[in-house]
Structures are given as C-alpha cells and as structure tokens.
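A.B. asks: Letter by letter, the chains look like this.
There are 4 protein chains.
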Amino acid sequence: MYEIRTDLALEAHEINAQAGREDGIRTEEETIDGFLVTTVHVSAGEGERLAKKKAGTYINVDVGKSWLLASEGFAALVALLAGQLRRLFPSGFSGSALVVGLGNYDITADSIGPKAVEKVVVTRHLRTLNPQLYKSAGFGDLCAFAPGVLGQTGMESAEIVHSIVEAVRPALIVAIDALASRRLARLATTVQLCDTGIYPGAGVSNRRSELSKETLGVPVISIGVPTVVDAATLAYDLLGKDADEQAAAALLAGDGKDMFVTLKESDVITKQTARLLGFAINRAFHGDMSVEEMEELLS
Amino acid sequence: MYEIRTDLALEAHEINAQAGREDGIRTEEETIDGFLVTTVHVSAGEGERLAKKKAGTYINVDVGKSWLLASEGFAALVALLAGQLRRLFPSGFSGSALVVGLGNYDITADSIGPKAVEKVVVTRHLRTLNPQLYKSAGFGDLCAFAPGVLGQTGMESAEIVHSIVEAVRPALIVAIDALASRRLARLATTVQLCDTGIYPGAGVSNRRSELSKETLGVPVISIGVPTVVDAATLAYDLLGKDADEQAAAALLAGDGKDMFVTLKESDVITKQTARLLGFAINRAFHGDMSVEEMEELLS
Amino acid sequence: MYEIRTDLALEAHEINAQAGREDGIRTEEETIDGFLVTTVHVSAGEGERLAKKKAGTYINVDVGKSWLLASEGFAALVALLAGQLRRLFPSGFSGSALVVGLGNYDITADSIGPKAVEKVVVTRHLRTLNPQLYKSAGFGDLCAFAPGVLGQTGMESAEIVHSIVEAVRPALIVAIDALASRRLARLATTVQLCDTGIYPGAGVSNRRSELSKETLGVPVISIGVPTVVDAATLAYDLLGKDADEQAAAALLAGDGKDMFVTLKESDVITKQTARLLGFAINRAFHGDMSVEEMEELLS
Amino acid sequence: MYEIRTDLALEAHEINAQAGREDGIRTEEETIDGFLVTTVHVSAGEGERLAKKKAGTYINVDVGKSWLLASEGFAALVALLAGQLRRLFPSGFSGSALVVGLGNYDITADSIGPKAVEKVVVTRHLRTLNPQLYKSAGFGDLCAFAPGVLGQTGMESAEIVHSIVEAVRPALIVAIDALASRRLARLATTVQLCDTGIYPGAGVSNRRSELSKETLGVPVISIGVPTVVDAATLAYDLLGKDADEQAAAALLAGDGKDMFVTLKESDVITKQTARLLGFAINRAFHGDMSVEEMEELLS
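Read top to bottom, the protein sequences are chains A, B, C and D.
Residues 1 to 299 (the numbering used here) are what the first sequence spells out, left to right.
Residues 1 to 299 (the numbering used here) are what the second sequence spells out, left to right.
Residues 1 to 299 (the numbering used here) are what the third sequence spells out, left to right.
Residues 1 to 299 (the numbering used here) are what the fourth sequence spells out, left to right.
Excised from the complex, chain A in its bound form (with noise of 0.2 Å):
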C-alpha cells in the first residue's frame, strides 16, 4: 500500500485524527504576533505508534510566505521563533550549542542545513581570542558546520556529527534539515522545532543514522521546513478515497519516485528562509542581537 510521506509530525497528527485515532497525542493551539503555533505533545507508547514520531514535543509556526516580509514584520518572526526554540532548550540549560547544518548545498531543496549554517553568528572561538568582546557582547557559546553529504565526504552526517560533538562536547546540539510535507501549502510555510532529535529518511536525501540524545549523548533539537512534496504524495491526495490507487501508481511509476513539487522561485525562498532560521538560532543564543548586528558580523 502506498505509504504518504510526511515529516511533520502536525500532519501525522491530522492523518490520525481524520481516522478518530488520537490517543496519545496532545495539540495546543496559539496565536502570537498573527503567526499560528501550534504544539503538538507525543507521548510514549500508543502516540509513538500513531504518529510514527518519536515521544517528544513538536512546535510547528505557520510562518506564511515569510520571504515576503518586511524587515519589520521578519524581525518580529525572528524574535518568536527564537521565543519558540528557547521553550525546547532543556532545563537549566547556560552552556554551549553545537549547529549542524545537514542536506546537500548544491541541491536547492536540500540546502536549508547548510545555507542556514551560513547566517549562524559563531563565537565559540572568541572566549579565548578575544575575551572581552565576548563578554561585553552578551554572546552565547555557539559553534556550527555542515557536514556535507555521504556521496561528496564518503562518510555518514551522522558519523562525522558524533565525531565534533566528541571533540566539542557541546551541552546542546541544533540540527538544520529539509523537511517533506504532505500539503503543497505548507511548502516553505511552516517552520517545526522539536526536541526529540532528528531520524533517518527525513527530507530529500536519505540519512542512515539517527540524531538523537540516545546516539550523542547530548539533547538535540531541531529546526525544519517542508521543502517538497512527493509527486507521488500529490497524486494521492488528488485521488482521494475513491481513487484508483493503482492508476496514481503505474503513472508515477519509474518518474514519480524522482520527482517532487516544488514552489516556482525555490532558489529565492530557501536562502531567504535559511536566513530566518540562522537569525532565530542568533536571538536564541545569543541574547538581544538585532537583525542589523547579525548582518554587520556575518559580513
């Protein structure tokens, strides 16, 4: 049977909820600034099962066509996205952050991770290089990177992740993906943070091994939006129930499986958005850095 692929664990929860399954899962809905938030709280057990998702918390923010803002309005989403990702950082957290930007940067879908990485004001260095900018700063500890991909490194995301994380030994990992969605409106539209750690097959590329506390040994959130959906996934929800789901399978046979939907001006929309998920990750971290610091020190 054809299996809809969807890495939002909202969408999951819809699937569910439309076959009167629910247990197990908790959604909280609010309004902040005009940005939907919605929380959805899997627990163990029967909520791993129907949401195939990992027991944890998943905040989604419908973040609309944020590459059309004004600075205004996109330093307003900064600041609640950052509010967001604080609410997941673990208790008593002060210490420092790892970045892990993953996907392929040559491949405009997959690219948010590494893009992203880009606009992340680094400082972990300075602490010994130039201790009194740091302090005066108010900057967090953060480092970051891109691990690149298995056909271009020969070695795992994972693999090289869990080596920097031994050497660095961060109290806190952010992992940066491409994400598929199941509703061509989510495309680039929703962003979702969760902290449960990040598993094989999200996204356009395939990873084998799991991010996770269970695998570094240090909590990992992370940060993701829907850059495709599958042709495949499409075709069905335009059937419908009463398709004949054969006939959306030998047509998508062969070339659906390489094929997606995507939005027209992707190119444009991913570096626009990879730039609000570094900017959210600055606020975050590094105190009340304004949108106009972090273009003066990526510069």
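Hints may contain errors.
You can't tell identical chains apart in this list, so a pair holds if it fits in one copy or across any two.
As the list claims (entries may be wrong) - Mimicking SDA-like on lysine to any residue, the simulated pairs with C-alpha atoms at most 20 Å apart in a straight line are:
(1) Lys271 - Glu72
(2) Lys65 - Ala75
(3) Lys271 - Asp106
(4) Lys65 - Ser96
(5) Lys271 - Glu29
Hint data in this document are derived by calculation from the structure and do not stem from the laboratory.
Given the structure of chain A, go ahead and fit chains B, C and D onto it with the hints provided.
C.D. replies: Same frame as chain A, now just chains B, C and D:
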C-alpha cells in the same frame, strides 16, 4: 475550463490525436543511434489552430537521462543534436548566428538558457582580433548573450534581443529556453528544436513579446527542454476524464499556481543539460569541433 | 619609459603637481560627514594633456574601509555618494537612466560593475506594468544590465551598450567599472565619479571603444573603484626616482604583467562595495529610498 | 628585521644557498615528461634550522601554466603528480586515506583546498553500500572533507580534523592548502608535496595548530600551491640588499599587511589548479582511473 499547458508540439499533437483531430499536422518518427527523433510538421491554418503552435517544423529528440551518459554517449548525442539543428538552418545559410539564452539564471528551472550560453564557443570577435586562428580552426561566426529578465533589468528580453540584432545583424538567431511539458516522463529528457521562434508565455517566466522572423527580420530557431510540469497539469492528468475538475481546481487554487513538479536533482540536471545544448550548438556551427576541444576553449 | 598606470584623475593630478605642472587642473577639497571629497576640474586643452584625462569633473570620495561600516554609517555614506552623483546630473535632468555594469562577473577584481547592477532597483517596466506602484513610490525611471565581456559574448561591451541605448533611449547613462590605482592605500577605499564617460583600457580588462556622449549621444556618468594596483607600478613606486628602472623592468618582465596587488579579502570587499555603489544609485534616482527598502525590493 | 615569508622548502633552500649555508639540506633535480621535479631532503637538526622547515622530503613540481594545458598534457601532468604523491606514501601503505581541504571557500586565494576536495572521488562509503562496484572498479578507500575556517565554524580546522580522524581512523591523511611564495614566477606554477604535515601560518589564513603525525597519530602528506606573494616580500626583493629597508617598511606599513600580489585571472586559475590536485589524488589512490572517468563520476 482548465487548459492543459504544454510547449511541446508533440504533446499538442498527442492531445489532438486522442481527440481524432489530425488535419494539418504530420508526424515522422526515426531512430538515430538509439535516440527517437520525432518530427512534427504543422501546416498553416488548420494545423496551427489544432496544434496551438505556429506553422513550421518541430523536432523532438528523446535524449533520455542524458545527464547519466558516459563521455562517448554524450559526444554521440551532441553530434546528433547538431545534425538536427542543421536541418533547421535556412537554406544556403553560411553567415553569422546570434545565440540567445532566455530566462533567469538564479531560478534553477528557468536557467537553462543563460547556462547554455556559458557553454557556447563565441568566435565573432576573432575575425578581426585573430583572423589566423579564426580561419585555420574552421570556426563558424557565433556570438551569444543572455538578456536577463524583466524584474532584474527593467527591459523586456525581446526588446534587448531586438536591439542587439540591429547592431550585430546576424543571419540567424538561436534562442534557448526552458519549456513546460504535460508529462512527467519528459522532464529534462526531451529536446525540442523548431524553426518558428519563441512565443509569449513559454517556460516558467512570462515573456511578453515573441522572437520570430516576423518581429526580428531574421530566422529564429528555438531550442527548448521541459524543466517543469505544472502541478495543476499533473493533477488534471491524474484525475483523468472521469474526474471532478472542480475538485482539482479547488485543491490547487491559490497554492498550485505557484508550484510545479520537477526532478529531485534539477540543479545538477539543468547544468548538464545546458552543457549538452551549448555543445550541440558549437558542433552545429564550428564544424567537427570535439567535446574535448570545446572544454579547452571554454576553460 | 615605464608609464605609471592610473585611472584616477586625482592621482594624475598628484603626479603633475609634484612635477610643478598645474595649469588647467583645479582641485577643491571638502569634508562631508567625515568623508573627504575631492573634486578635480580638468579643463580642455592643457588640463587634458597634463591629466591624461578628458575635460570634465572628477569627484573622489575617500570612503575608507566602507566594508567595515555598521548600518548607520553605511546609510550615511550611501546618501553622501547619492548627493555627489546628483551633482553630475545634466542640468534639468528628470528623465530615465540606464545603468551599465562593465567587466567580468567571474574575475573578482573586474566584477564590481556587474555585481553593482544586481543591487540596482530597476523600475522602467513598472510604468506600464504597475503604474499605481510606480507613481506612489516616488520611483525614478531606471533600467540596468551588464553587457559581459568580449571573450564570453563575441561582442564588444560598447557595441552592446550602443544598441541598448538605441532601443531604450535613456536621458542619462551611469556606467560602473573597476579601476586601476597607483597607490595601495586607495584600493577599494576611493570612489571616483565623473561626467566624462569611460575610455579604453580602464580597469583590468581591455575595452576597445569609449562610452561617452560623443559616441552614444547621451551624457555618461561613470563610477569607478580601484580594485587593483599593477605589480609593476608598485615596484616603480618603491624603487623611486633614484632606482634603476631597468632592474624593476627585468624583474617584472614576463610575469609582472599578469599580476597585480590586491586586498586579501577582495572577494568580500568587492561584493560589499558593489552593494554600496548600487545603493547609492538607487538613492540618487529613487528619492528618499532607505537601505532597508532597497533590501526588501531586491530580495 | 623584515622576515621573508615562504612556505616552499625550495625557496628556503635558495635563500640559504645564496648565504653559503647548505648543511643538512640535499637537493635533487629531475625532468619528467618535460616538467622539472626538484626534491629537497631536509634532515633533522641543522637542516631543519636552516630551512625553517620540519625534517622530511619536499617535492616541488614545476607545473608551469597548467591551466593552459590541452587535455592530453593535463592527463600527463595528473599522472606525473600522482606518481610523485605515491613516492611519499608510507611504506607498505594499502589502507584508507582521508583528504582534507584547508582554507576558506569564499576567499579565492585561500580556496584551493576546499575546491580540490570537490574534485576527489570518494569511495569509502561504497565498501558497504555497493561492494560489487567497489571491488570491480579497483577503487582505493578515500573520504574527503573541508573543515572550513574558524570565523565561520567557531572551531579550529585542526580540532575538526582531529575529531574526524578519531572517527574514521584512516591510514593516511592528505592535506591540501594554499601557500605563500616569495617569487612572482611561482604563483600557481609550482606544486609542493611533502611528508611532514602542515604547520601554523601557512597560506593566507592563520592556522593555530599543526596537522602532523605527532598531533594526529597518522602520517600526513601535504599538497600546496603558492597563490600569493606578500606585497611586502615583493617590495623587499625589489629593493634588494642595498635598499633602505626602512623605506619599504614605511611604505607598506598599515596597508601592505592586508595586501598581496596575485594573478589577474586568479579565480579561473584557482579553480583549474584545484581540479589538477583533486585529479592527481584520484589517480594516486584509484589505480589507472582516467580523467574522463573522474569527470563522469563527479558529474
């Protein structure tokens, strides 16, 4: 009523053939070196009306997944496309040609034109700067440029092309552009060459004025490759003749119009296909230039 | 004898002033917002002969290390440069302008022109496409493009500019180009604006024909920034008047002519300076447009 | 006193030879396929002191303007460099190697390391993913990555390399880096291979910790190409032994330290030279892989 969008004469013909309407459209098939070459002759009047294409010759080469070809296969395909391109040369052509790469360099799905231009070996300036080299190498007389897009220049592509044609007075124009197809299987796997020029609305971006012998006073050969399928077109196809059009329309309304179906590796594929087209043009105009020689001249 | 190479009228004047020759060259200095602005008036005849520059007004703004400016300082400098640019507008100017970015996008030291063009807010097309927006925003009438370089297009830049001018018929041309300086300290720290157009041999690449009112029929303001110092010029300066010219010539022969002195971070600095120039042009033509508004319109 | 800066053992030897000091440094010259190969053996103690280089073998290949080579000449040079690289393999080497590209991708003069890494055919992951292909192709066991720079990651390159080495446990490390030379004529025309690793201060950027067998526990071969000559070094050379050092120092003070001499086409040359190094590594490790096969595997 929803209108199926395609830039391929071959597909227009398929639509009509299904409907039992064939007058004024004649099709020939031939297999060369394992590649299927389909030539569609659209005649004036009834042919134009049915095909919704200008009267002329449309050559479709089914190049398959050309980006996976090893170097020998690639060289063979370059030679094949060059031969098909020469079929469309005006009779007795021996003059200069201007290659125009239409589209937006920064939007992957629309970038095949400007990227192909980067792979064209230009020679027009050598006639005066280096006449020895020019003669001994058996070069044709080529110049090339990419006019950019309206939002970046403030000028219509057609307006810029027109003014350059006035200055350069070439005997032939070759215009390269991204196309829309209605079949997933044709994404990046079909090259269409035709002798009728380029008309508004082709490909991803909007183009307000045509490029044709009528408007420019010079014959225009166009080369196009489908890089997108409308999400709406896919939906329509899937839903088929029995389906509720309104359902598809509703589902896609708003969002669908900004989306399309594309290949997962479209960044890489676009780059490779642009190289294929540029090299085919070099081969068509510069005698027996080999792929290796082109690489050297362009490095 | 070795000829000192400079595109800056200011430097030509310095050379002559040292030699006690000043007739026909008049210089004014002014400090605005902390930036030194030097205006060199070259008069016809003796002035031209001594300055080796066309008669006209050359404004040098000592912008310092503008790439280090925080956003407030940057905005102030944009406004200052816009004001200086307006000083060179033809009297009674209220028409359209065409911005031309000369040079090679792919060679860092020669790329400031095409990269500045990417930062220009073009509006010419809005008059017809969106007259409401056009009027209410207080936009001027700008279009912009980069003609590329001979080796990539087969056409002279001047030839392309000429043909576009014929089509667009602007009331003014603003041409941006990389310059050569003879002083290390001026690399990327000086902006020269002049009302005399652009002449062969400026900057890194060769340009065979001038862009001027004489050749194009439209006034041409040029904006340039030194991005290179000839290695040979540096050597000559160091060796000074007492030195053995022949020694320098021998040492640099062969290799020296393909080399230049540049800044270690020239990639980043070029990008930032291109942004400065593009934004100054926007400010000069589009009323009180702020840096923030430009960023939004260009994103 | 001003210290002449060079990363080339060959140049260190020249300086000392002029001064009549040669103990502990032995040099051999050989011409292979028209390329001059100079091997400098630096012995422990006196050799190290004079050469200011670690004891070991330094091979200089005078590759000339390799970016102008036609494909046959390029293939021959790839094979020659591969052979020289194999001379430095630890005796009995048959294990896995990790290729590390040091430097900043975004600064042309410092980008040769990361750009070379993009041209390495990695195979480590194929042993498990595709053992058939792996065996039949005669591949060696390569993985590769670029650790980025401190200001972008917050982590020292050496720190990252160290942690990856711990994870991958290769039998050999090949580190690629940009070098400084003292002679203009050597810019991009010399490749230095040595078996002593990489030490602080090489190339354009600062590197705080060495990469060597002592620090990493694995033999480190380094490959470097001079991409810059200090403006100050050039000045010193020009002024010669009779010159007023103070004059040069004054002239270059402040500005000179941020400047260097480089080739006018350094963007293009760096890209081509990175390809040369990457391909030489492929050839050294992957048996008789041809340039064509590498192109196919990397496309």
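A.B. asks: Hint by hint, work out which the structure violates, then give me just those numbers in ascending order.
C.D. replies: Violated: hints 4, 5.
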